[in-house]
Amino acid sequence: MSPEVIGVLGIVLLLVLIFLRVSVGLSLFLIGFLGVSWITDGTVGLAQLSMAAFGTSNDYGLSVIPLFILMGMFLSYSGLGNDLFSAVHKWFGKVRGGLAIATVGASSIFGAISGSSNATTATIARVSIPEMEKYDYKTTFSTAAVAAGGTLGSLIPPSVLLIIYGALTNVPIGPLLIGGFVPGIILTLLFIFLIQLQVKVNPSNAPAKVEEISFGEKVASLKSIWPFLLIFLISIGGIYLGIFTPSEAAGIGAFLAFIVTIIMKRLNFKGMLESLDESLRLTVMIFLIFIGANLFGSFLALSRIPAHLTNAVVSMDVSPYVILALILLVYLFLGMFLEGIAIMTLTLPIVYPIITSLGFDGLWFGIIMVLMINIGVLTPPLGLSVYIISGVVKDVPIEQIFKGVLPAIGVMIIFLIILIIFPSIVTFLPSLTG
Amino acid sequence: MGPQLNEEKQINVTINRPSSLVKFTKALEKVTVHLNDVLHKISSVLLMALMLLTTADVAGRFFFNSPIIGTYELTGLLLALMIFYSLGAGQLKKNHIEIDFFTRKMSNNSQHILYSISSFILFILLCLTTWQLYKYSVRIWIGGETSGDLGLPLYIFSGLTIIGSFSFALTLLLDSFNTLLKVVNPDES
Amino acid sequence: STSSAKESESITLNFGSMDGPPHVQNAVTFPAFAEEVEQLTNSRVDFRMYMGGALGGPNETLDNIVTGLMDVGRGIHGYNAGKYPVQSVLNLPFMAEGTGEELSIVAQKLYDTFPEIQDEYWDVKPLWIHAADPYAIITKGKAVRSFEDVKGLRLRTPSEEGSQMLEAWGATPVSMGAPDIYDAIQKGVIDGGVLPIAAIKDFNLTDLVDYVTIGYFNTNLFYVSMNENSWEKFTTDEQKLLEEELLGLPMAALAGRTFDEQKEKAEEEAKAAGVEFIELPEEELNKFKDASKHVAENWINRMEERGIPGQKIYDEAIRLIEETNQ
Ligand code: NA
Ligand code: NA
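Residue numbers (this note's numbering), protein chains in the order written: chain B, 1 to 434; chain S, 1001 to 1189; chain X, 2001 to 2326.
It should be emphasised that the hints constitute simulated quantities derived from the structure, not laboratory data.
Quick reminder that beta carbons are idealized off the backbone N, C-alpha and C, glycines included.
Keep in mind that the hints are not guaranteed to be accurate.
[Said to hold, decoys possible] Some residues of chain X that are not near chain B, with every Cβ distance over 10 angstroms (derived): (1) 2063; (2) 2067; (3) 2186; (4) 2210.
[Unchecked claim] Label-pair restraints from in silico Cβ distances: (5) B:308 with X:2206: 30 to 40 angstroms; (6) B:315 with X:2290: 53 to 63 angstroms; (7) B:320 with X:2035: 45 to 55 angstroms; (8) B:311 with X:2206: 23 to 33 angstroms; (9) S:1109 with B:422: 33 to 43 angstroms; (10) B:41 with X:2148: 56 to 66 angstroms; (11) B:422 with X:2188: 54 to 64 angstroms; (12) X:2272 with B:219: 17 to 27 angstroms; (13) X:2298 with S:1138: 20 to 30 angstroms; (14) B:400 with S:1060: 50 to 60 angstroms; (15) X:2038 with B:356: 47 to 57 angstroms.
[Stated by the list, open to error] Which bits of chain B does chain S cover? Going by a derived footprint, with three or more residues having C-beta under 8 angstroms, they are: (16) 86 to 96; (17) 148 to 162; (18) 305 to 315.
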């Protein structure tokens, strides 16, 4: 049997396994092992088990992942997320729909110290949804604000998704992270604009206004925002100014988060242990996929499928934008059924060479990729973000939440098109560094 | 109705007199949970160490122009140990990403049987990995490979991952038996 | 009969490299080798190239060859620290007076001469061993015009011996993967590195770095090795033919020459872009040499302790460098 046929069989079997509830990482690992063994030799496949497992995890560059996760966890377990929300709320409370705006704003700021969308969504959902319920916000409206805001966490640096993209494509991680900043801010503003539009069109979304808050109180509330700004400025600012590498920034950021939460007496020993525990479990989940993807990647390379596909696509006589559109449609489809890291590990070995050979910028595509994944976490049947939120609002049918986020998805797609027309929104800031 | 009642009776009998399968699973669970708990705690220490090492390295570079020699290689090696020592804990708490909206449509029993079989296959895969990590460690031990600037023997680190890999394998075996029990006597769960 | 069965069966061998397709060893040297092999085997054996680390990164290359994922692989000795201590005699400070071609010939001849070196390749079939053109101190912002200038600089180096040399000079050795060099120099995490001049082109450093200080400081070593079972897929006659016509010295020389040509181009481009090339005066260079003398002495002692004739190998390396230079 030709390597190409074995490759196709492997991909099909992989999808079957994933849909049969076998963990994504171990499915990749198993199929990678079987595929390499089949194309080459059983002993080769066996030896690759240890190479993939030890070689992947013994990697200085990947230490950035647990450390950035840990930084967010310390702040999350310190309960500073609550303070952050109420502070932002004090500033926007007067505006109609102010709580929803505060939700998006707080998500954006929390996203600046948290590496993962999931952690951002979960943290903000717990504090903001009960508050919005108190003021009779429509559930479809309030949950949508949380869901949309949560996606900012993986666009605004630090971002585990961008780091993983960099690790899979060899695009330098520092510029990638910096590249997410401006799109993250613009998307924040677009979400806020959407909220105001929704309130104007349908005032019943956010019926009650919140009471006036004095200026003094507003200024006082800022004291709970400074830890976030300080840690963001030092760690991400340090990458931007070239004071340290992303791995070092993550270590310093985690250390700062640790010290700040200890000094503020917000993190006790139990909270520290829980932060470590949850960071580690999230980290191994990601690394298990990495380990599997490493072996599956060797199998895919041996099958020659990526090489053939790249040649076929590049020799096609259509505009690169048509191919880009097709690729994005595939991602929209995959986003319905698969989780983000899995999508990247499965597709990037094939898609990335195509994208760059079409003349698109690798760094820019990283941001596009994250946007596609962010859309995926909001679409049924598998919409991780919506699942997390439905865990907080128990009495609302999940279909309603999915329906509520549709306008936000619309905004994200419009933003995607803007980024395709004006790629410098992404590439400008990274090009300034150094 | 008749045969179904009979079946239930039989199941009740097995519950009253714990089968060797139940006993084995209970013992396996005890060992697996305990072992992975210890490793996971070591992992927590390693993560803190990783954080402090990076910070100290950068601080040393900045304030004294003397970074910590070997930070680069130590970070990679500590990370490897940390990952291997928490894989099992992650599996025990079931937070590896799984997609279940297709299997949800199946009957409970067929779901359990499928899950039990796939877990057992993955258990074998991880046993093979453990064995290969041992072989790899022997290879680099004979080859005299070291970490680089610090000259630490590399086989010690890959050797230590063997424990983590094996503990992870045990969690998969435990998954397999636990779900098998759900098929054999559904009332237990 | 097995031999005739082999003869009629055409085979494809996988070649793996951590470097991408444009790297000169992948673009020039290996294709030339593959073509020769095809001719010598009457088109029975051909190669499929997997580059850019598609079959595994720098750290995994050697094990991937040993265990057979790569039938042939190209790697850097330094990525498997401790594995090639004797061959590493050419990684010692100032064992680099010559061109890439000359140093590659020395590297290969050392292998051919000493069973102690051959033993280090016990688990593979080495095809050729080569060196790079001499490494230079390449920096951004801070020029190295004297021995004093190097003190306190943070420089990237790829080998243990290189680290020891930098420490001896009072500089700070920083280990990092080759792909991180650009970022690290740009961000000022390192001031530069002890690098081949060709690296300026390979890693797009032309517009980034300001100074190149030349001085035969050291070189780096590379192997192209074959899996032992893959080697047995050649018939005895083919093996003999390959050994006589191609393997060892001829390929080593070609690989070194390829680096030299790349170096010329990189140097031209860098000079055109305004990078200053600094030649150290003899007395300054001697300070560098004297400061790092003990690195070689330590190496010799370490070898002798292990029952390996370190002094003899070191002396022969020096002799070969002088001989090839003429
Ligand atoms: Na973030
Ligand atoms: Na989805």
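* Asked: Between residue 2298 of chain X and residue 1138 of chain S, is the Cβ distance one that fits in 20 to 30 angstroms?
  -> At 29 angstroms between Cβs, range holds.
* Minimum Cβ-Cβ distance from residue 2210 of chain X to chain B exceeds 10 angstroms -> Check passes; 13 angstroms lies beyond 10 angstroms.
* Asked: Does the hinted range 47 to 57 angstroms hold for residue 2038 of chain X and residue 356 of chain B at CB?
  -> This hint is violated: roughly 31 angstroms between Cβ atoms.
* **Outcome of range test on Cβ distance (residue 41 of chain B, residue 2148 of chain X; 56 to 66 angstroms)** => holds (57 angstroms)
* Asked: Falls inside 30 to 40 angstroms, the C-beta gap from residue 308 of chain B to residue 2206 of chain X?
  -> holds (35 angstroms)
* Asked: For the segment 86 to 96 of chain B, do at least 3 residues have a Cβ located nearer than 8 angstroms to some Cβ of chain S?
  -> Check failed, 0 qualifying residues.
* To do: Starting from the hint 53 to 63 angstroms, judge whether the C-beta atoms of residue 315 of chain B and residue 2290 of chain X obey it.
  => holds (60 angstroms)
* Would the least Cβ to Cβ distance between residue 2067 of chain X and chain B come out above 10 angstroms? -> violated (3 angstroms)
* Is 45 to 55 angstroms a correct range for the gap between the Cβ atoms of residue 320 of chain B and residue 2035 of chain X? -> At roughly 34 angstroms between Cβ atoms, residue 2035 of chain X and residue 320 of chain B fall outside 45 to 55 angstroms, so the hint is violated.
* Per the hint of 54 to 64 angstroms, is the separation of the Cβ atoms of residue 422 of chain B and residue 2188 of chain X within bounds? -> Between residue 422 of chain B and residue 2188 of chain X, where Cβ atoms are some 31 angstroms apart, the hint is violated.
* Asked: Does 17 to 27 angstroms hold as the CB distance between residue 2272 of chain X and residue 219 of chain B, or does it fail?
  -> Violated, since residue 2272 of chain X and residue 219 of chain B (Cβ atoms, about 57 angstroms apart) do not stay within the stated range.
* To do: Look at the Cβ atoms of residue 1109 of chain S and residue 422 of chain B and judge whether their distance stays inside 33 to 43 angstroms.
  => Violated: the Cβ-Cβ distance is about 55 angstroms, outside 33 to 43 angstroms.
Violated hints, in rising order: 1, 2, 3, 7, 9, 11, 12, 15, 16, 17 and 18; the structure is consistent with all others.
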